[in-house]
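**Student:** So the protein lines, in turn, are chains A, B and C. Going by the working numbering, the first sequence wraps up at 206, each residue one higher than the last. Going by the working numbering, the second sequence wraps up at 1411, each residue one higher than the last. Going by the working numbering, the third sequence wraps up at 2310, each residue one higher than the last.
Hints are supplied without guarantee of correctness; some may be wrong.
List time: in silico DSSO-like cross-link candidates among lysine-lysine, alpha-carbon distance up to 30 Å [to be verified]:
| no. | chain 1 | residue 1 | chain 2 | residue 2 |
| --- | --- | --- | --- | --- |
| 1 | A | K38 | C | K2185 |
| 2 | B | K1252 | B | K1175 |
| 3 | C | K2066 | B | K1278 |
These aren't lab readings, by the way, just hints derived from the structure by calculation.
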Amino acid sequence: MEKPIIKKSLFYIFPGLLIFFYALAAFSGENEGTRNIKKAIVKLNKAQQVKAVIPVPKNIVRANVKYQGGVFFTETRKDKIKRFRCSSCHNNKKVSIQNAAAIAHADIKVVHGGKDKPLSCYTCHSQEDRDFLVAGKESKIDLDHVYDMCGQCHFRQKRDWIGGAHGKRVAYWAGERVVKNCTSCHNPHSPRFEKRWPKTYSVPQK
Amino acid sequence: MKKDTTSKGLFSFIKDAILWNLSGSIGYQVYLCLLVCLMLIGVYGYFIQFRLGLSATNMSNIVSWGFYISNFTFLVGVAAAAVMLILPAYVFNDKDLHKVVIIGEVVAVGALVMCMSFVFVDLGRPLQFWHLVPGIGQLNFPSSLLSWDILVLNGYLALNALIPAYIVYCHYKGKEPVGRYYKPFVFISIGWAVAIHMVTAFLYQGLPARPFWNNSLMGPRFLASAFAAGPAIICLVLHVVNSATDYKIDNKIFNKLRIIIVSAAVINLLMLFSEVFKEFYFPTQHSQSAIYLFFGLEGHNSLVPWIWTAISINLLGTVILAFNPFGERQVFLMPALVLLIVGIWIEKGIGLIVPGLVPSPMGEIINYSPSNVELFITVGVLGLGMFVVTMLLKPALIIEKQYEDSHGEHH
Amino acid sequence: MDSDKKKKINRRTFLKGAASAAITGGVAVTAGCKGKGLLGSSEAFALEFQEYFKKHYRLMTKTERKETVSRLEKLARLRQDITVNIDTTGPSENVLFGYAFNVTRCEGYMECVQACVEENNLDRKSNTQYIRVFEMEHGQMSPDKGDGKYFHMVPKEGHFYMGVQCFHCENPPCVKACPTKATWKEKDGIVVVDYDWCIGCRYCMAACPYWGRRFNWNQPEVPKEEITKEQHYLGNRKRVKGMMEKCTFCIQRSRKGELTACVEACPTGARVFGNLLDPDSEIRFVLENKKVYRLKEDLGTDPKFWYFID
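Full structure from sequences and hints, please.
**Tutor:** In structure tokens form, the structure reads like this:
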């Protein structure tokens, strides 16, 4: 009496399981995921990636290099230097005080270039025209375009900075590309970040 | 269905059931009061937890599931284990087990009520529970294993409550239940019992984030440990019924259950050995949880005494049950069953859930032990489960006894 | 059997009826209480009552979204006496957010962690943090070997730092796990939580292989003056105890084109954020020109968070 019932139920159970496994397999099918992003090669309109209006930040300057997306901007630096213009002091008049540089620029400590070959002021600053930086003979670099100066040695970092792997954007990921300048983050006289206490800490879980 | 013409309708059935439940010896009244006290402790605990949030427990962002879900996991097994009585009783027409199958089903209902209560008290926002109800809420089916578990547990509860209710109701009216009405559901419930425990195992097994759980042996091992611990608990209930009521249970039944328990316990130990071998023959990063469980990590070893106790009493209980030193007298039967139950409860509860979550995916190791609130609520839920079992069992056994006495000669 | 079925149907219709009755009742109560100063909180109570019966965010119509936002804004005014602005901006076409983390550059200053806590109104009582920074000894690359609890001068010699947060997987296990569909992946790739729909079962937490989710074990507390008022429904709005929450790539900022708080706060430029579908973006430059790797790639979760080394 009972055996046929078992047989009958087996008759239903096996196709049922088969359908179940098929559904499960179909359900958890391959998902292409982030492999898809390589296919996204169409240039996007910078203004149309978000609906919000993105204000153009003040105090920026057009970089004289281009990144993969064309023109971009970087923060100006001259307006952040307190005693700019330098030529208001350094104006070819003789300075009669001894150790004048140490007194006038006591806040500056050059820790740049390693112990064996430390940099001096004139490695970067132009001796002739104090308002500019120097890049080899007779070519001057504006302080707003300091990346050209730094990039002479740190060419790898400069390449990454142009592309976007070094440094960071200012405030917006969308809209016109505006990035921090080298000296926005690094002190040019002592470019390595200082050791300090972290801003906060993680409380251990109970 | 034809309307019954006798005075014994559904209304008098319920009335009699309530009356039978409330009347009894002084010992029974004290026992009921005790259960109510346990439940009140639970209510008190839940009141605190409801006010403070789950921070009243010792769970944290690392051990995000604790004592509640541990007990839930164990009890799903107990519920599933009713199948070990249903299968021989209904399918193989075992006369002895047929007599106690109702007790197994009632224990399953009690276990399920406890399961659902444990899940409920574990929710962070219990008032939003209706979000799970299809129709007014949204159930993430079939994607989420938790939604499977909810459906499967409720279905099993319905099956295990309605089948015996129908049979008992028929017996109450002095009629033979119609096989064609309930037999199909019995067969469904057999498959369903396996399903509830497999789905609960899949709940953990389906998480690649947790290597300790993401293990294909989990489902079968859950079943094996459930088929050991569940019938063991049913055995204990039978023992209580045997000694406290005049519904006498034959020694043969205990022997049959003992054999079922021993076979399942041995398979469970075998699978445990297989798991331990995998974790410790060549320990990998994924074995960290097992090391934490068995030996402790970086001074965090709160689980170590528990798991070794569990394994020892598990082995001891299995050995005693297997060799049954006193033969028919069964002196050691009950203590051995208790050992086995406690062993599996530790190993499958806190010994399974906590190491799955520690070390955290980011490698952090902490200790976990339940807080007082968790213990209070657990005690309350346990009281609720026992209350449900008592309330269902008492009228059922009275009706069965009456029916047997009046119809006994026909069988 | 029949009577049982009937019972079930009755129960469902009853629940539905109860819900709609409650909503109309709530409306009536609100209407009745407007302008009455007898019980200052009765209006708030009525609003909360209506909030209780609201739908899943994704099923709401535009007007329903507007209504719930205005209720939430009103509640903030009534309960906390602050004016918040809750945004519901959806994802834009052709945007898929991605994130890269420069392991060489990070110095462990934890500025990002602090900025995130402030921006996202994280609970100050239990010190919830979405970001964890691990201090790791040279010679290893897995954060579970690192120290996430350091507090000393950084950077420490012989160590490097690695930040970890929600990785916004393309194939998120947490979404698959959630029993109520309260967490999902938006079209722009952000994995979000509908806080009000979450029931707090914490299954998603167990499913996340990156420990990216945080639970409100207690009632979260944020000092009134420190609350960020520019909010998003799926982002940094008020949460209560028992809800799951997580990093949303600062959805209230990123959907408007702004950088996330962690990127903006990072003093070393170790964090890169942008649109993966824009071939000119910084994040694409990193993916194409740097050697990148992701955590636990073997799990197939496909996170949109890459680590790279200069």
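**Student:** Indicate, hint by hint, whether the structure satisfies it.
**Tutor:** Each hint tested on the structure:
no.: 1; hint: K38/A - K2185/C; in the structure: holds, 20 Å
no.: 2; hint: K1252/B - K1175/B; in the structure: holds, 28 Å
no.: 3; hint: K2066/C - K1278/B; in the structure: violated, 56 Å
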